[in-house]
Each structure stands twice: as structure tokens, then as C-alpha cells.
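Work out the full structure, taking the sequences as your base and the hints as a guide.
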Amino acid sequence: MSNTLKQNLKSKALAIGPKTFNLQILQLGRVERMNFEDFLRFKLQKTKQLSFVEFNKMCGISRKQWDAFKVENMDRDVEWLVE
Numbered sequence: 020m021s022n023t024l025k026q027n028l029k030s031k032a033l034a035i036g037p038k039t040f041n042l043q044i045l046q047l048g049r050v051e052r053m054n055f056e057d058f059l060r061f062k063l064q065k066t067k068q069l070s071f072v073e074f075n076k077m078c079g080i081s082r083k084q085w086d087a088f089k090v091e092n093m094d095r096d097v098e099w100l101v102e
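Going by my numbering, the sequence shown opens with residue 20, and the numbers climb by one from there.
It is worth saying that the hints were derived from the structure and are not from the lab.
For glycine and all other residues, C-beta sits at the position ideal for the given N, C-alpha and C.
Be aware that one or more of the hints could be misleading.
[Said to hold, decoys possible] Taking CB as the label site, the calculated pair distances span: (1) 82 to 41: 15 to 21 Å; (2) 54 to 83: 17 to 23 Å; (3) 54 to 86: 17 to 23 Å; (4) 100 to 49: 26 to 32 Å; (5) 70 to 94: 16 to 22 Å; (6) 41 to 70: 15 to 21 Å; (7) 49 to 102: 25 to 31 Å; (8) 73 to 96: 15 to 21 Å.
In C-alpha cells form, the structure reads like this:
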């Protein structure tokens, strides 16, 4: 396992390109967190639009978790869709 990946797992942050997302606020288990990270990477490579509906469907996070994640990471260069 690379040092960067080890550091990300320890710090509960996810670095994607120049962006680092704080995931600690989500309070996810290991498997749920890995699923969330994978889907976040996929969405950011495909488009910079992040949607609660998609993340709820694919990762099972609640609206409360999504809102906390959004507030914590609002300064990232992504489009937060309102639904």
C-alpha cells in the first residue's frame, strides 16, 4: 500500500488531484467509506457535479451526512447540485 493511501486512510481525508476532501464528518465504516471514496473519484473524473440523490442511491448516506459533508467541503472546486 502506498504511503499516500496509508496517510489518507489514517487522516480520514481523500486527495483527488489537487483537491482534498474531509470525509471524517460522514462517520462511515471502512467498507462504506471505501464505496463513498470510489464513487466520489468516479464522479469527479466524469463531471464536477455532486448530487445528494446519486450519493444516497450509490452509497446509502443520509441527507444529514450529505449536508455535513457539503458544508465541510464547500470550498472545493465542484458544483454542488441542489435537489
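> In this structure, is the beta-carbon distance linking residue 41 and residue 70 contained in 15 to 21 Å?
Replying inline: 19 Å, holds
> At the C-beta level, are residue 54 and residue 83 separated by a distance inside 17 to 23 Å?
Replying inline: Taking Cβ atoms as reference, residue 54 and residue 83 lie about 18 Å apart, which means the hint holds.
> Between residue 100 and residue 49, does the beta-carbon spacing fit 26 to 32 Å?
Replying inline: 28 Å, holds
>> Quick check: does the Cβ-Cβ distance between residue 73 and residue 96 fall within 15 to 21 Å?
In response: Hint holds: Cβ distance 19 Å, inside 15 to 21 Å.
> CB of residue 54 to CB of residue 86, is that within 17 to 23 Å?
Replying inline: Check passed, 19 Å falls within 17 to 23 Å.
>> Please check whether residue 49 and residue 102 have a Cβ separation lying inside 25 to 31 Å.
In response: 28 Å, holds
>> Can you tell me whether the CB distance of residue 70 to residue 94 sits inside 16 to 22 Å?
In response: 19 Å, holds
>> Tell me if the beta carbons of residue 82 and residue 41 are separated by a distance inside 15 to 21 Å.
In response: Between residue 82 and residue 41, where Cβ atoms are some 18 Å apart, the hint holds.
Hint violations for this structure: none, all hints satisfied.
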